[in-house]
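All chains, full assembly: derive it from the sequences and hints.
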Amino acid sequence: MKTIYLDHAATTPVHPRVLEKMLPYLKGQYGNPSSVYRLGREAKKAIEDARERVAQLLGAEPREIVFTSGGTESDNIALQGVARANRGRGKHIITSSIEHHAILHTAAALEKEGFSVTYLPVDKYGQVRIADLEAAIREDTILISIMYANNEVGTIQPIQEIGRVAREHGIIFHTDAVQAAGYVPIDVNRDNIDLLSLSGHKLYGPKGIGALYIRKGTRMAPLMGGGAQERNWRPGTENVPGIIGLGEAVALARENMEERAEGIRRLRDKLINGVLERIDHVRVNGHLEQRLPGNAHFAFEFIEGESLLLNLDLEGIAASSGSACTSGSLEPSHVLLAMGIPHEIAHGSLRLTLGEDNTEEDVERVLAVLPPIVKKLRDMSPLCRESV
Amino acid sequence: MYTDKVMEHFLNPKNVGEIENPDGVGQVGNPRCGDIMKITIKVDDNRITDIKFKTFGCAAAIATSSMITEMAIGKTIEEALQLTNKAVAEALDGLPPVKMHCSNLAADALHAAIKDYQERVGASQ
Ligand SMILES: Cc1ncc(COP(=O)(O)O)c(C=O)c1O
Ligand code: FES
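As given, the protein sequences belong to chains A and B, one line each in that order. For the first sequence, the working numbering assigns the number 1 to the initial residue and increments by one for each residue that follows. For the second sequence, the working numbering assigns the number 1 to the initial residue and increments by one for each residue that follows.
Just so you know, these hints were derived from the structure itself, not from any lab. Don't take each hint at face value.
To be verified - Taking lysine-lysine and the DSS-like style, the derived pairs with C-alpha atoms no more than 25 Å apart in a straight line are:
1) B:Lys86 with B:Lys115
2) A:Lys376 with B:Lys14
3) A:Lys375 with B:Lys52
4) B:Lys52 with A:Lys376
5) B:Lys42 with B:Lys14
6) A:Lys44 with A:Lys27
7) B:Lys75 with B:Lys14
8) A:Lys207 with A:Lys44
9) B:Lys14 with B:Lys115
10) B:Lys115 with B:Lys42
11) A:Lys91 with A:Lys112
12) A:Lys45 with A:Lys207
13) A:Lys375 with B:Lys14
14) B:Lys75 with B:Lys52
15) A:Lys375 with B:Lys5
16) B:Lys52 with B:Lys42
17) B:Lys75 with A:Lys376
18) B:Lys86 with B:Lys52
Claimed, not checked - Taking CB as the label site, the calculated pair distances span:
19) A:Arg283 with B:Thr84: 50 to 56 Å
20) A:Ala85 with B:Met7: 49 to 55 Å
21) B:Gly74 with A:Lys207: 48 to 54 Å
22) A:Leu223 with B:Pro97: 32 to 38 Å
23) A:Gly316 with B:Gly29: 30 to 36 Å
24) B:Met7 with A:Glu139: 56 to 62 Å
25) B:Glu79 with A:Glu315: 18 to 24 Å
26) B:Glu20 with A:Glu315: 32 to 38 Å
All values derive from a computational prediction rather than experimental measurement. Where a beta carbon is used, it is the ideal one built from N, C-alpha and C, also for glycine.
The following block contains the structure:
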């Protein structure tokens with residue numbers, strides 16, 4: 001059976017062009033970029049080219065890009081690095097209640113170290129309100145960290161306004177752009193972003209590689225001690241093939257970004273409209289316009305997400321859910337709860353995230369198999385009166 | 001993560017539905033993750049002659065519901081009260097540790113249905 005992959009927010013396949021670019025660096029081009037001989041110099045040159053490409057994606061300068069092991073590490077370096085270097089100035093950090101755990105758990109750890117953290121609420125579409133942000137700012141606020149776009153419901157934050165407020169108050173602004181980078185045009189200068197995290201495996205690059213943009217002059221301290229790689233921000237011999245892969249992935253993302261986003265958006269809208277036409281008692285979560293092009297997020301009343309996912313899996317469809325039953329911790333998604341979605345509705349949530357490899361046929365297949373699966377589970381549900 | 005037995009009962013659950021005019025009804029909610037299970041039973045001569053379930057929950061919850069209805073049918077009230085969540089999990093060749101609580105739901109719903117039956121019988125005597 002053909003796999004219909006609809007979980008691009010979890011990870012993306014490696015693009016063939018990316019793989020091709022990486023292969024030489026897994027074979028003959030094995031030099032250490034710190035070495036002086038030719039093999040080393042060539043590796044160094046290749047990673048500097050990749051750095052330039054990442055900088056271009058963000059409107060940054062190459063020396064402001066640090067390669068890391070991924071989104072989680074970038075988020076950690078940003079939060080902990082700013083906190084450590086600025087604790088003398090203040091101990092207050094502002095973030096949102098819908099961040100990825102890479103931010104939330106790091107913020108919680110900083111709270112244990114004596115920092116105080118404000119978790120901004122969001123509206124029902126998953127957006128932070130600027131008035132709330134302004135009200136939360138204190139004398140001793142040293143950092144604002146708000147994600148560019150949410151990984152579950154796809155809502156894009158008013159980043160430009162957040163950046164403006166942060167700049168007006170002279171507060172460092174970090175954004176986790178792991179889901180947004182490569183999908184929406186980002187300009188760190190237009191948006192007044194001081195720190196930005198991105199990750200290779202969300203934009204058709206390899207896993208285990210990411211980047212952190214650090215605006216020059218930003219006051220922060222490195223987390224790890226070691227060699228002088230990545231200007232001390234991230235010591236350790238570079239993941240050369242990963243960096244080369246990330247460079248190619250961001251170059252690909254920059255090529256006709258708007259056109260490709262439009263293609264995915266069109267398929268996504270066909271999927272959303274098709275589901276709404278065919279199934280009752282379903283809602284679409286997240287913002288309808290300020291939304292990542294590939295994200296479709298539903299809540300089906302009366303049923304539970306894991307049961308839904310396993311049934312879809314049997315049809316070869318890969319998807320994800322914010323249900324408590326799928327979470328290991330048995331807590332429903334903190335994002336859905338923060339948006340005011342009741343626990344039992346969060347239970348029936350289904351995230352379908354489309355990518356470039358999806359086709360019209362994929363969407364049609366989902367629209368054919370989803371309604372009978374939902375019906376079958378509803379017939380089994382004690383909450384569903386209609387199908388008794 | 002699930003055994004073949006769990007998947008079998010999850011995909012083709014036995015005894016789904018609600019008995020009309022049941023002799024006992026048990027509905028319980030799961031305090032861990034918020035799931036709900038409802039079991040209805042028909043009792044003849046102290047024996048469970050029919051049993052149906054409805055479940056709002058994960059695959060483990062659906063499979064344990066289905067399994068417990070199969071295990072309970074034909075049993076006397078006393079025998080059915082001996083059915084534990086552990087026995088149901090074992091009959092399914094085991095459940096992942098994080099899903100053990102789902103089997104409590106099934107046993108609790110059955111016991112609640114029996115208790116309801118006993119109360120109704122007691123009240124009419
Ligand atoms: C918003 C967001 N931040 C951070 C991460 C973590 O990225 P990585 O898997 O590269 O560590 C993810 C990926 O799940 C994400 O979606
Ligand atoms: S019913 Fe929620 S985890 Fe099983």
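Going down the list of hints, with the structure as the test:
1. Between the alpha carbons of Lys86 (chain B) and Lys115 (chain B) the distance comes to roughly 20 Å, so the proposed pair stays at or under 25 Å and holds.
2. Restraint check: the Cα-Cα separation between Lys376 (chain A) and Lys14 (chain B) comes to about 13 Å, which is no more than 25 Å; the hinted pair holds.
3. As the CA atoms of Lys375 (chain A) and Lys52 (chain B) are separated by approximately 18 Å, the hinted pair is consistent with the 25 Å bound.
4. In summary, the hint linking Lys52 (chain B) to Lys376 (chain A) is supported, as the alpha carbons are separated by about 16 Å, within the 25 Å threshold.
5. In summary, the hint linking Lys42 (chain B) to Lys14 (chain B) is supported, as the alpha carbons are separated by about 16 Å, within the 25 Å threshold.
6. Restraint check for Lys44 (chain A) and Lys27 (chain A): the C-alpha separation of about 16 Å stays at or below 25 Å, so the hint holds.
7. Only pairs whose Cα atoms come within 25 Å are accepted, and Lys75 (chain B) paired with Lys14 (chain B) is accepted, the gap being roughly 16 Å.
8. At roughly 21 Å between alpha-carbon atoms, Lys207 (chain A) and Lys44 (chain A) fall within 25 Å of each other, so this suggested pair holds.
9. With a C-alpha separation of about 23 Å, the suggested pair Lys14 (chain B) and Lys115 (chain B) falls inside the 25 Å cut-off, and the hint holds.
10. Simply put, Lys115 (chain B) and Lys42 (chain B) have alpha-carbon atoms about 13 Å apart, close enough for the 25 Å limit, and the pair holds.
11. Between Lys91 (chain A) and Lys112 (chain A), the direct Cα distance comes to roughly 12 Å. Compliance with the 25 Å bound is thereby established for this hinted pair.
12. Note on Lys45 (chain A) and Lys207 (chain A): the hinted pairing holds, with a Cα-Cα distance of about 22 Å set against a maximum of 25 Å.
13. This hinted pair checks out: Lys375 (chain A) and Lys14 (chain B) have alpha carbons roughly 17 Å apart, not beyond 25 Å.
14. Annotation: proposed proximity of Lys75 (chain B) to Lys52 (chain B) holds, straight-line Cα distance about 14 Å (limit 25 Å).
15. Under the criterion of a C-alpha separation no larger than 25 Å, the hint pairing Lys375 (chain A) with Lys5 (chain B) is consistent with the structure, at around 23 Å.
16. Distance check on the hinted pair: Lys52 (chain B) and Lys42 (chain B) sit about 9 Å apart at the alpha-carbon level, within 25 Å; holds.
17. A C-alpha spacing of about 29 Å is found between Lys75 (chain B) and Lys376 (chain A), which places the hinted pair above 25 Å, so the restraint is violated.
18. About 20 Å separates the Cα atoms of Lys86 (chain B) and Lys52 (chain B), which keeps this hinted pair within 25 Å; it holds.
19. The given range of 50 to 56 Å is broken by Arg283 (chain A) and Thr84 (chain B), whose C-beta atoms sit roughly 39 Å from each other.
20. Hint check: Ala85 (chain A) to Met7 (chain B), Cβ distance near 52 Å, so the stated range 49 to 55 Å holds.
21. Under the hint 48 to 54 Å, the C-beta atoms of Gly74 (chain B) and Lys207 (chain A), about 53 Å apart, fit the expected range.
22. Taking 32 to 38 Å as the suggested C-beta distance range, the pair Leu223 (chain A) and Pro97 (chain B) conforms, at roughly 34 Å.
23. With their beta carbons about 34 Å apart, Gly316 (chain A) and Gly29 (chain B) fall inside the hinted range of 30 to 36 Å.
24. The hinted range of 56 to 62 Å is satisfied by Met7 (chain B) and Glu139 (chain A), whose Cβ atoms lie roughly 58 Å apart.
25. For Glu79 (chain B) and Glu315 (chain A), the hinted distance range of 18 to 24 Å is not satisfied, since their beta carbons lie about 40 Å from each other.
26. Between Glu20 (chain B) and Glu315 (chain A) the CB atoms are about 34 Å apart, so this pair conforms to the stated range of 32 to 38 Å.
Of the numbered hints stated above, those contradicted by the structure are hints 17, 19 and 25, listed in ascending order.
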